[in-house]
Every structure is written in structure tokens, then in C-alpha cells.
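Colleague: Chain by chain, the residues:
Protein chains: 2
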Amino acid sequence: MNKPSVFDDFYSVIPAGGIGSRLWPLSRADAPKFLHDLTGSGKTLLRDTWDRLVPLSGVDRIMVVTGRAHRAAVEEQLPDLLDPNVVLESEPKDSSAAIGLAAAILLRREPNVIVGSFAADHVIKDMRGFRRAVAEGVAAARAGYIATIGITPTDPAIGFGYIQCGDPLSIAGAPNAVTVRSFVEKPDLETAERYLAGGDHLWNGGMFIAKADVLLEQLGKAEPALLAGLTELAEAWDTPRRGAVVDRVWPGLTKVAIDYTVAEPAAAAGKLVVIPGDFDWDDVGDFASIAKLHSGGRKSDLAILGENARVLADASTGVVISQSGRLISLIGVTDIVVVDTPDALLVTTTANAQRVKSVVDALKLSGRDDVL
Amino acid sequence: MNKPSVFDDFYSVIPAGGIGSRLWPLSRADAPKFLHDLTGSGKTLLRDTWDRLVPLSGVDRIMVVTGRAHRAAVEEQLPDLLDPNVVLESEPKDSSAAIGLAAAILLRREPNVIVGSFAADHVIKDMRGFRRAVAEGVAAARAGYIATIGITPTDPAIGFGYIQCGDPLSIAGAPNAVTVRSFVEKPDLETAERYLAGGDHLWNGGMFIAKADVLLEQLGKAEPALLAGLTELAEAWDTPRRGAVVDRVWPGLTKVAIDYTVAEPAAAAGKLVVIPGDFDWDDVGDFASIAKLHSGGRKSDLAILGENARVLADASTGVVISQSGRLISLIGVTDIVVVDTPDALLVTTTANAQRVKSVVDALKLSGRDDVL
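Residue numbers (UniProt numbering), protein chains in the order written: chain W, 1 to 372; chain F, 1 to 372.
The reader is advised that the hints may include incorrect statements.
Claimed, not checked - Computed, partial: chain F to chain W, Cβ under 8 Å:
{"no.": "1", "residue": "Leu327"}
{"no.": "2", "residue": "Ser329"}
{"no.": "3", "residue": "Asp343"}
{"no.": "4", "residue": "Ala344"}
{"no.": "5", "residue": "Val356"}
Claimed, not checked - Stretches of chain F that chain W covers, calculated by requiring three or more beta carbons in the stretch to come under 8 Å of a beta carbon on chain W:
{"no.": "6", "stretch": "331-340"}
{"no.": "7", "stretch": "347-354"}
{"no.": "8", "stretch": "358-370"}
Keep in mind the hints are simulated off the structure, nothing from the lab.
Backbone N, C-alpha and C define an ideal beta-carbon position, used for all residues, glycine too.
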């Protein structure tokens with residue numbers, strides 16, 4: 001594989017962990033979001049992510065961190081994934097542990113390695129724009145920064161977090177990098193519209209690029225015990241002691257998102273830069289997002305997903321996801337979301353798509369794990 | 001069974017024929033509307049109808065006209081139904097043939113019989129009000145009229161036909177009987193509101209009470225060939241020739257609703273009277289009607305039907321009918337209609353309930369008889 005020199009020391013990491021509760025009943029514990037084809041591409045989101053990273057880092061420099069339960073499915077999706085690049089979690093410990101462990105393992109294998117972490121279940125189609133942003137991120141990482149990629153908003157989305165841009169920097173190879181003033185959680189519509197109009201907010205794409213040692217040092221400042229655990233795991237990883245150390249150390253690791261251990265503290269310390277990305281991006285976080293992805297922005301469309309979908313629709317818009325093979329008939333329902341699986345049915349609207357998670361929470365509380 | 005003398009010469013007829021296309025996918029060719037419990041009473045609509053008529057005519061004076069395919073289901077629902085009171089249609093021929101044949105058979109058995117025809121799939125809970133109206137109808141029939149029962153509207157329903165009342169009559173035992181000025185097909189909302197405000201329109205309950213010979217004479221004026229066929233069938237009915245005559249005559253009978261052969265011509269001839277019925281009534285014609293029946297008029301309710309329904313609803317109103325046993329989750333959908341069966345799913349709104357028939361028509365056209 002001919003890689004351009006800018007990516008020579010670059011390693012991709014794909015944390016493939018989240019279930020995607022807002023996509024229930026499509027996404028389940030045993031069929032998480034990244035194992036579904038939500039774009040109609042014919043490929044799972046995980047496979048799409050892999051195919052996007054291969055041109056950057058090569059097939060032999062992509063590491064996947066996933067749950068033990070998903071090992072077979074992941075390996076089936078990614079037949080070229082090398083054994084040493086499969087990192088299995090015995091239980092979910094959130095993104096600081098997942099990405100931190102990958103960085104720590106890679107750091108021992110390759111002291112100057114730059115790692116880039118890319119979620120397994122996001123959608124990006126503009127390869128050229130993505131590659132350009134990652135290249136700037138790698139350049140910023142090489143200059144000692146932790147880089148994240150922020151996507152130029154195209155609408156006042158309320159389902160995404162935002163990054164407020166600060167001042168421009170002069171980093172070789174990263175002409176568009178700016179400092180980060182602040183991270184903002186999912187805003188309300190009014191705030192999102194202000195962000196869109198103002199022009200200095202980007203969508204938080206959740207992508208991080210940094211030298212492994214820089215990233216871990218930052219993590220250790222916020223969570224020294226977590227860093228110690230990850231370091232112990234990494235030291236044992238490529239040895240026969242791996243299993244024993246995992247069993248002893250992994251269960252006790254702190255569960256915390258990398259946003260809190262790395263991104264926000266690094267921003268506060270002036271060590272984080274954001275690369276504005278002028279490419280399409282979606283985290284496919286809920287069914288409204290799926291409807292939008294498939295409609296090409298047209299409100300009058302009904303998106304139909306499912307290999308054997310049999311849908312008869314009259315004066316209806318929104319999205320239908322069919323996994324049951326049953327005949328589905330819609331009459332006069334607009335912005336509807338219908339997800340039809342063999343054991344569970346969801347009916348809601350795109351406006352309520354973010355509330356799907358509350359159903360999952362209610363099901364957990366009532367012990368109906370059979371459909372989770 | 002002690003019957004009051006007013007009903008001595010009275011015979012109930014239950015035409016149990018229609019599938020109820022507007023209730024698809026609940027109602028099917030092999031599971032028509034009258035075989036469902038749509039009121040939550042724990043009894044099918046047919047059984048409810050039977051139980052309503054037993055106090056009027058006695059178990060031995062109720063005739064059921066139904067399709068051959070439904071014989072077993074009907075007899076299972078009505079174990080007291082006498083064999084001679086089961087009239088089986090080899091194919092559906094609409095209400096003139098069904099009610100006309102019953103009248104013709106009963107006329108031969110009992111020359112002065114008064115027949116009352118009551119649909120198998122309507123809902124009436126006020127037994128006292130119903131009985132009072134039928135008693136007036138029988139009195140009017142005895143005086144030589146064809147009587148129908150019109151229900152005092154409680155809302156501007158657009159799913160029902162209406163009867164415009166004419167002048168009062170002085171019929172012994174039928175003090176409320178009035179002539180019929182006209183029959184009106186399902187109106188639009190504006191017209192229905194005018195009817196409701198005006199006070200001289202009643203809902204057409206589709207109930208007819210008349211001496212059998214009067215009813216048949218009227219039918220014969222509009223459809224002499226149909227009357228000849230029914231007479232031939234009736235003459236052979238209680239003889240060994242029944243099967244042969246049915247095979248020869250029934251397939252050729254004209255398919256026409258009794259509204260056109262009896263009700264409208266009789267009204268025009270001044271021979272039809274309407275008895276205003278001050279009781280609850282619903283033809284349960286569509287899912288909006290089911291939602292209304294179950295909500296007790298409250299718009300904020302979600303009606304849930306189905307023995308093993310598992311429904312998790314948040315901020316949702318309308319009606320859910322569950323036949324599949326699957327978990328059904330609704331979020332933020334109002335006036336919704338969800339009908340979940342093992343092989344077909346319908347999602348619509350109460351406002352679109354009348355349009356369900358168009359789906360059935362589309363399915364017929366596309367040859368998907370498997371779900372009809």
C-alpha cells in the first residue's frame with residue numbers, strides 16, 4: 001500500500017463500542033449500531049469506517065477496540081483486520097479506557113506513533129475532504145498538539161455537540177487549525193440557530209488525533225489511576241500475561257468519556273486545536289438522522305430501509321426500517337418513524353427521535369432485557 | 001324464555017357477511033369484523049349482537065345468514081343457534097339477497113312473521129333504549145310499514161349515512177315514528193355539523209323491521225328477478241332440493257344493497273318509517289370508531305386492544321391493536337392507529353381511518369391476497 005509520507009507515523013483506532021440506544025429496536029446489545037447498514041450503501045457502518053481509513057493508514061495500521069461479544073461479527077466485517085490490531089474489552093469502560101488502551105499498546109510498539117480515533121458508526125462520504133482534515137490533524141499532532149476535527153454546520157442540528165473556535169495558529173501543514181474556546185453540549189434549537197449564523201461553531205465530530213504519548217500524558221493528568229491501569233495493561237498486552245492482567249485490571253478502570261479526560265482539559269491548557277472539516281458528516285445518532293440521510297434533504301420523502309421491506313405507503317413521509325418481512329402499510333402519517341423488527345415495533349416521529357433512548361431506559365428498568 | 005307479547009310474531013335476522021375492509025389488517029377474509037372483540041367486552045361483535053337479540057326474540061327465533069366459510073366460527077360463537085336458523089351463502093350477494101332470503105324462508109314457515117334485520121358487527125350498549133326502539137319498529141311493521149331505526153346523532157360523524165326525518169305519524173305502539181324524507185350518504189364535516197345542529201337528521205343504523213311479505217313485495221318491485229330467485233330458493237329450502245336449487249340459483253342473483261331495493265323505494269312510496277333511537281350506537285366502521293369507543297370520548301387516551309398486548313407508550317394517543325405479541329413502543333404520536341398482526345402492520349391516524357379501504361383495494365389489485 002502506497003501511503004503518502006504525511007501519514008507514515010499514523011495509526012487509526014476505531015472504538016466500536018456503543019450500542020446506539022436512540023436507534024432501538026434496530027440497535028441491540030447483540031446488534032449494535034456499527035453492525036448495521038444505515039446508509040443504504042450495502043455495507044455496515046463499521047465497514048464504511050474501515051474503508052475510509054485504509055487509504056490513510058493502510059490495512060495493517062488500523063486497530064479496532066470492541067467488546068468480546070462482537071469479536072466474530074467485527075472480524076467477519078473486516079477480514080483484513082490483523083490479529084494484533086484486535087483489542088477486546090471484557091466489559092464496556094467508555095472511551096477514555098478504550099482509546100487510551102489502544103494508544104498505550106501502540107506507544108509500546110512504536111514510540112513516536114500518532115493515533116487517530118474515529119468512531120465506528122459515523123457517516124462521511126466526502127473522502128477527499130475527510131483526508132484533507134485528517135492530514136492537517138496529523139500535522140498538528142506532530143507539532144505536539146491534540147487535534148480534533150470539527151465539521152462546518154449545514155443546519156442548526158440539536159442532536160450534536162458543538163465546538164467554539166478560538167484563535168488561528170500557525171502550524172506547519174495545518175493552516176486551518178485554530179484553538180478551541182469551549183465545548184458545548186447539544187444545544188436547543190434557538191442556540192443552534194445562533195451558532196449556525198455566528199459562524200464560529202463547528203459540530204463536534206468526536207475525532208481525536210495526537211501523538212500517543214501526548215494523549216496519554218493529558219489523560220493521566222485528569223485520571224492518574226486510569227493511566228496507571230492502562231499502562232499496566234499495555235505492558236502485559238503483547239506478552240503471555242495479557243489475560244491475567246486484563247482480568248485483574250480492566251474491571252476496576254474508571255468509566256469516563258475521553259471528552260472529559262482529554263479534550264476539555266487540553267482545550268483549557270491551550271493544547272487542543274480544532275481542524276475545521278468542510279465535509280459531510282453525520283453520527284447517525286437517531287432515526288431523524290437516518291431519515292435525513294436518505295431523503296437528500298427533501299421533506300416529502302419516505303425512506304425505506306431493509307432488504308426485504310414490503311411497504312405500501314400513501315401520503316406518508318419519514319422513515320421505515322423493516323426487519324420482519326411483514327407487509328407495512330402507512331396512510332397519511334408524516335415525519336413518521338416505523339421500526340419493525342421480529343420482536344419489537346417502534347412508532348414515533350422524527351421530532352421525537354431523541355426520546356427513543358428513554359424507552360430503552362424504561363425497558364431496562366422494567367427488566368425487559370429480552371428486547372434490548 | 002318469557003317474551004312480551006309485542007314480540008310474539010317477531011323474528012331476528014343477523015346478516016353476518018361483511019369483512020370490514022376499513023379494519024384491515026385486523027379484519028380479513030377468514031377473520032371478518034363480526035368475529036372480533038372490538039369493544040373489550042370479551043365477546044365477539046356477533047356474540048354481542050346475539051345477546052342483544054335473545055331477550056327480544058328468544059334463542060329459537062334468531063336466524064343468521066353467513067358465508068359457508070364462517071359456519072364453524074359462527075356456530076362456535078353461538079352454540080344455541082338452531083340448525084334451521086343457519087342460512088349459508090355459497091358466495092356473497094350483498095344485503096338484498098341475504099336479508100331477502102331469510103325473509104322468504106321465514107315467510108314460508110310462518111306467514112305473518114315480522115322480521116327484524118340487525119347487522120352482526122354493530123355496537124349498542126343501551127339494551128333498554130334499543131328494545132324500546134325495536135318495539136316501536138315492530139308495532140309499525142304490524143301496521144304495514146317498513147320500519148328502520150335512526151339514531152340521534154351525538155357528534156357530526158362523517159363515517160355514517162344519515163336519514164332526514166319527515167312528518168310524524170300516528171301508529172299505535174309507535175308514537176315516535178316519522179316518515180323518511182330522504183337518505184343521505186356519508187356527508188362531509190360541514191354538512192354533518194349542519195345536520196347535527198338542525199336536529200332532523202338521524203344516523204342510519206341499517207336496521208329494518210317489516211312483515212316478511214311487505215319487505216319482499218317492496219324488494220320485488222325494484223328487483224323482480226331477484227325476488228323470483230329468492231322465492232325459488234325459499235320454496236326448496238326446507239326440502240331435500242335445497243342444495244341443488246342453491247347451486248343453480250344463488251350464483252345468478254343480483255348483488256345489491258337493501259338500501260336501494262327496499263329502503264329508498266319504500267321511503268319514496270311513503271311506506272317507510274323511521275323510529276328515532278335514543279341509544280348509543282356505532283357501526284365500528286373504522287379504527288377511529290374503535291378509538292372513540294374505547295376512549296369514552298377523551299381525546300387524551302390511548303386505547304389498547306389485544307389479549308397479549310405489550311405496549312410502552314409515551315405522550316401518545318389513539319389506538320393500538322396488538323395481535324402479534326411483540327413489544328410495541330409509541331413515542332409522541334397523537335391520534336395514531338397501529339394495528340400489529342403477525343403478517344401485516346398498519347400505521348395511520350384516526351383522521352385517515354376511512355382511507356384504510358384503499359389499501360385493501362391496492363393489495364387486491366397487486367395480487368397480495370395472502371394478507372387480505
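Colleague: Now tell me, hint by hint, if it's right for this structure.
Modeller: To see whether the hints hold, each was checked on the structure:
1. This hint holds: F:Leu327 has a C-beta 4 Å from the nearest C-beta of chain W, less than the 8 Å allowed.
2. Of the supplied interface hints, the one on F:Ser329 holds, with its beta-carbon coming within about 5 Å of a beta-carbon of chain W, less than 8 Å.
3. Given hint, F:Asp343 at the interface with chain W, holds; its Cβ is 6 Å from that chain's nearest Cβ, closer than 8 Å.
4. Proximity of F:Ala344 to chain W holds as hinted, the smallest CB-CB distance being about 4 Å (cut-off 8 Å).
5. Because the smallest distance between the Cβ of F:Val356 and any Cβ of chain W comes to about 7 Å, under 8 Å, the interface hint for this residue holds.
6. Requiring three or more residues with a Cβ within less than 8 Å of a Cβ of chain W, the coverage given for the stretch 331-340 of chain F holds, as 6 such residues are present.
7. A count of 5 residues in the stretch 347-354 of chain F with a Cβ less than 8 Å from any Cβ of chain W is obtained; the coverage claim is therefore met, three being the minimum.
8. Remark: the stretch 358-370 of chain F is confirmed as covered by chain W, as 5 of its residues place a Cβ nearer than 8 Å to a Cβ of that chain, reaching the required three.
Violation of the numbered hints given earlier is absent; every hint is satisfied by the structure.
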